[in-house]
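Protein chains: 2
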Amino acid sequence: MQADGRKRVVIEGVAPEMDAGHFPVKRTVGDRVRVEADVFGDGHDHVMAWLLYRYVPHGPQNGQAPGPWQQVKMTALGNDRWAGEFAVTELGAYQYTVAGEVDHFETWRSDLEKRIAAGQEIDVDLLNGAKLVEEAASRAGEADAKELRRWAARLKAGGPSTQKSAQEAALDEALLALVERYPDEAKITLYERVLPVRVERERARFSGWYELFPRSAGAIPFAHGTFADVEARLEYVAGLGFDVLYMPPIHPIGRSFRKGKNNAVTAEPGDVGSPWAIGAAEGGHTDILPELGTLKDFQRLRQKAEALGIELALDIAFQCSPDHPWVRRHPLWFKHRADGTIQYAENPPKKYQDIYPLDFESEDWEGLWKALHGVFLYWIEQGVKIFRVDNPHTKAFGFWEWCIGEIQADYPEVIFLAEAFTRPRVMERLAKLGYSQSYTYFTWRNSKEELTEYLTELTQTEVKEYLRPNFWPNTPDILPLSLQTGGLALFQARLVLAATMSSNYGVYGPAYEALEHEPLRPGAEEYLHSEKYEIRSWTWDAKRPIPQLMKKLNAARRAHAALQANEHVVFHETDNPHLIAYSKQTADGGDTVLTVVNLDPYNTQSGWVTLALWKLGMDEDASYEVYDLLSEERYLWHGGRNFVELNPEKIPAHVLSVRKSVRTEKDFDYYR
Amino acid sequence: MQADGRKRVVIEGVAPEMDAGHFPVKRTVGDRVRVEADVFGDGHDHVMAWLLYRYVPHGPQNGQAPGPWQQVKMTALGNDRWAGEFAVTELGAYQYTVAGEVDHFETWRSDLEKRIAAGQEIDVDLLNGAKLVEEAASRAGEADAKELRRWAARLKAGGPSTQKSAQEAALDEALLALVERYPDEAKITLYERVLPVRVERERARFSGWYELFPRSAGAIPFAHGTFADVEARLEYVAGLGFDVLYMPPIHPIGRSFRKGKNNAVTAEPGDVGSPWAIGAAEGGHTDILPELGTLKDFQRLRQKAEALGIELALDIAFQCSPDHPWVRRHPLWFKHRADGTIQYAENPPKKYQDIYPLDFESEDWEGLWKALHGVFLYWIEQGVKIFRVDNPHTKAFGFWEWCIGEIQADYPEVIFLAEAFTRPRVMERLAKLGYSQSYTYFTWRNSKEELTEYLTELTQTEVKEYLRPNFWPNTPDILPLSLQTGGLALFQARLVLAATMSSNYGVYGPAYEALEHEPLRPGAEEYLHSEKYEIRSWTWDAKRPIPQLMKKLNAARRAHAALQANEHVVFHETDNPHLIAYSKQTADGGDTVLTVVNLDPYNTQSGWVTLALWKLGMDEDASYEVYDLLSEERYLWHGGRNFVELNPEKIPAHVLSVRKSVRTEKDFDYYR
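Keeping their order, the protein sequence lines are chains A and B.
Note that UniProt numbering has the first sequence beginning at 1, numbered continuously upward.
Note that UniProt numbering has the second sequence beginning at 1, numbered continuously upward.
No wet-lab data here; the hints were simulated from the structure.
This one's a predicted model, so the numbers in the text were calculated from it and none came from an experiment.
Don't take every hint at face value.
[Claimed, not checked] In silico BS3-like cross-links for lysine-lysine, where the CA-CA straight-line distance does not exceed 25 Å:
hint	chain 1	residue 1	chain 2	residue 2
1	A	Lys-351	B	Lys-261
2	A	Lys-187	B	Lys-131
3	B	Lys-187	B	Lys-146
4	B	Lys-350	A	Lys-351
5	B	Lys-261	B	Lys-351
[Claimed, not checked] Stretch by stretch, here's where chain A covers chain B in the computed footprint (C-beta under 8 Å, at least three residues):
hint	segment
6	7-14
7	117-127
[Said to hold, decoys possible] Quick list of the computed label-pair ranges, beta carbon to beta carbon:
hint	chain 1	residue 1	chain 2	residue 2	range
8	B	Pro-66	A	Pro-424	19 to 25 Å
9	A	Asn-79	B	Glu-649	58 to 64 Å
10	B	Glu-268	A	Asn-79	27 to 33 Å
11	A	Tyr-411	B	Glu-449	54 to 60 Å
12	B	Val-72	A	Val-72	45 to 51 Å
Even glycine gets a Cβ: it sits at the ideal position worked out from N, Cα and C.
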């Protein structure tokens, strides 16, 4: 038997709820959490439902006492479904759950209305109601108790002369509100789980990443660049409007089995090696490649970047070159072959002898976990608050859940981007267990159908509660086939798609701006002369078409809240398969951006776009202005159906701010 | 940090899983439970997954130790999804969960194949494999350990002369199977919840209910019938093929505010009252209305019914007439009005003064729960094992969960049918918390679209795991509008639909067979001269059309396993909106029944039925025989598209056994 069988309300189907509450839903400061639940009781009594929530300072791992539970009355949506919402205003963790109870007073009140309508005798009913009011009074504070007893007295006055006053009192909204403030706590049902929310800072939701290799940032062509050279590029990156500058690993690079240019098995003298082959005599994951500069140089770069509104993101790749200090100091952290050598990375028959993976089944797994955690802590102490984690899917899930949990408890401002280009369940799991942002399949989604399906999955299924996409048209590892043949127009189109579909996006900039499109070999998705293996020399010219477009897109993203989240994404019909049209809107409907992209880089494409205006909160016959944030042209559109023509030789996209303030015909009717 | 960070596999998305394992999935003895889960590890290592299950004797409430965990290897479905299944062979409760681990040996073996294919040196790899085999040996029993060490020795022999033998050994399936039997238990991940299964007897899944009022079973017209009279009707009911005989409450009927014929507010002398107004001077819920007979008579009826393969189902209605003994003995179990009187049932402005509802918010709720539980126990002791519970949705959910749980722990053979015609979430909740079967909305689903949508919801969504529908075309409370005007053809059609769509179905027989269709007043769904308020006199003539159809339908249900469950329901396209076509098939595909019904009771309807043969495991060009279980006619059909014509003046339905044994064209090709 349950502790108190008088709890007559049940609560189920609470959403969002990830894996029975094991994982939190994610929000950023200032967001709202909308919660729905099925709340109902037996019989015909009305029920009331509350959403309860509280702030948990700096995550559940910390010993601090959670804040007091707050409550919000939920609203009935029909069919026993209820909804409520609350705002998250602090970094860290929140919790929520749902409570419900039979609302005896409201039930009585509603019945009374029916009795009155049917002309029934209601003397005893009024007394029944007075009893409910008095019960509420017994649970209320002094002032409200007094007030409630005054109401009860009016209900009890009874008799023909006072019945009108009693009736009025009975149906007074103020009385209902007052009584409902004092439910009988013994009979309140609490949902069986308390559900977590992880609240991060705004940049977890809205960020523009620019990736460059510091060693290619130098002013002297092909000389090894330094942090000081990167400093000199900050104005350029800030001018394009990016706010995260991401650098591949900055640590000493191994010499054993070092790869040569174009991933050659053996390096030539002078070859600089891959930054992901981490560790050498000079040190490991908490050390800096001497050629780049010192920790002091790094600090100066970080501070100068911050002054320009740019945060540095470090690349954390948990793997070691054979020369990494851990290899000698912690042999247990690596897998050993039967011949006593350490197991290098493999994807049989391919061998990567310059890389030793870490063994998460090590007997000293605890030592390993602490050391890896320590790497993050070291760089956090150096002021780094954004980490792009390399191949997190090849490290134990349990490690990430613990490590990110520990860090977010102490440093809730730290952001993690998961670089896991792998299977869907694996990518989702990494997001669930703490990654703030995730690389996606966007890089390979090209057609209208593919893009529509993928963005719908990311923004309109449960995935949206925990996985924040970060769209990249390219990376140093990936030169997608489409960019190899599409030319400038496709580079432009893919950039527009990334920047307008996802509030987090990034680009491996220097190669993108240079329209680099030669693959290592036909059919490969790797760059020829990849910066992963050699120093490149780039033109940092902001007047080229791609930097110009980046500037416009990033300005549009900063000016338009609709582009700063992935809320209320609507795809609109076009009658041309090469034209894709979609809009984003803020929750309050105050900002709407409609993007139309010509996916054909070779031909002008035109057609009719039919906007689902009702989904945008607009009348079907509305007249409204659309302002192109790229071309700065304006058009007056009428109704949902409008003609669009996009010439890839000019610019293959419209990014249109939809201005609803234009009067509709209804307004004119009103003034006639 | 988790206890052992070396567990690298994660398990999520386990299905079925009701409310995070709070509620069991339902099966009957002999059924299988198919479980799916996402099981995956980090990196590229292969994983293995097991479905674990065990029998829990007589429910978790009993103190007996659960049986040992059994394990079944799960099969990869792709995209990290795995599936496994087990059979439930005992009444009561089972539990299941999922386990997973990295399969190092299988990973090694698969890598080795690639190395061999690429012509790589594999000496060290063979030694690596030998080490894995030796590790398995260290976990194995003596005999297998010896065997494993022999394998390891072959792998280690190495060198050019023995490498062929070593390679053969390495890739031998027998070695793989043997190694996989000894996983490293320390590294096994167990899913975080153990999930329950409730196993009931076959009749919970497959039953045909016949409802009659014993007081109308008499041989002398309008004289009060007795249990002995019901005895005399058993041959008739058994002859129609039903296996559950359900009687409205058999308890003493209240006299206060007794309702007259046709629900008149005051009874005339001689009016027998409603059996649902339970309790009088003669007793309450554990007593028998003297006019029906004695407990001994009841026992004789029950035994005679059982001898004919019929079980008695009692109607348990937890409400009291003002004359019920509980009213005086347990005033706390009822709600009191402000004037001191007991609150009668109401649906304002309607009043039901002959009924006192029980108050589940009573201070003595524990006493009330025990008394109600005691009512079931009393009748179980009298040999009753099926209960139809009246309006369970007006009693506390917590009570049902406890009461049914207690009873099923001690008497797992007891079946409960929930008579809750109410909102979807409420009906679903009652099913979740233990009801074996549920009345449904079938009674009001008439059109092809309505029936298709509803049966799809019941058989193809998560609902199928816990809610077993029982389809009733009528009840003493409900004469649906459709039956009021549809005539014999509609009575026939609705009977066919109920009997073939749902493996559990029932009928309020005497009125149905008599084609009773006059409502109390126009637009009402209540019977004129309802048996609820008066004794009726029926013709028990099995030669009438409806009894004849019942006989054929029940015979078809007994002969065809496809109709004994709601598995693999497929709707087939028809080009006539009045024709509905659907099939049921057993899990092994061995039995298929296709039903086609003309929903128009007034006109012959014909059209093309296009069978989705591929969903039935048949070739699109198959020739096959369909045998009509109603008309006993046979047809040879070719391919999916076949013509059907149904004349409502003859019989508005085909119930076709699909006999796949006819040779297909492919077979002929084979013999050519």
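Checked hints:
1. Lys-351(A) with Lys-261(B): 90 Å, violated
2. Lys-187(A) with Lys-131(B): 62 Å, violated
3. Lys-187(B) with Lys-146(B): Roughly 23 Å separates the two Cα atoms, so the pair holds.
4. Lys-350(B) with Lys-351(A): 82 Å, violated
5. Lys-261(B) with Lys-351(B): Holds. Lys-261(B) to Lys-351(B) sits at ~17 Å (cutoff 25 Å).
6. 7-14: With 5 residues close enough to chain A, the hint holds.
7. 117-127: That given contact holds, which follows from 5 residues of the segment 117-127 of chain B lying within Cβ reach (below 8 Å) of chain A.
8. Pro-66(B) with Pro-424(A): 19 to 25 Å: 36 Å, violated
9. Asn-79(A) with Glu-649(B): 58 to 64 Å: 41 Å, violated
10. Glu-268(B) with Asn-79(A): 27 to 33 Å: 43 Å, violated
11. Tyr-411(A) with Glu-449(B): 54 to 60 Å: 56 Å, holds
12. Val-72(B) with Val-72(A): 45 to 51 Å: About 46 Å separates the Cβ atoms of Val-72(B) and Val-72(A), which means 45 to 51 Å holds.
Checked against the numbered hints above, the structure breaks hints 1, 2, 4, 8, 9, 10 and satisfies the rest.
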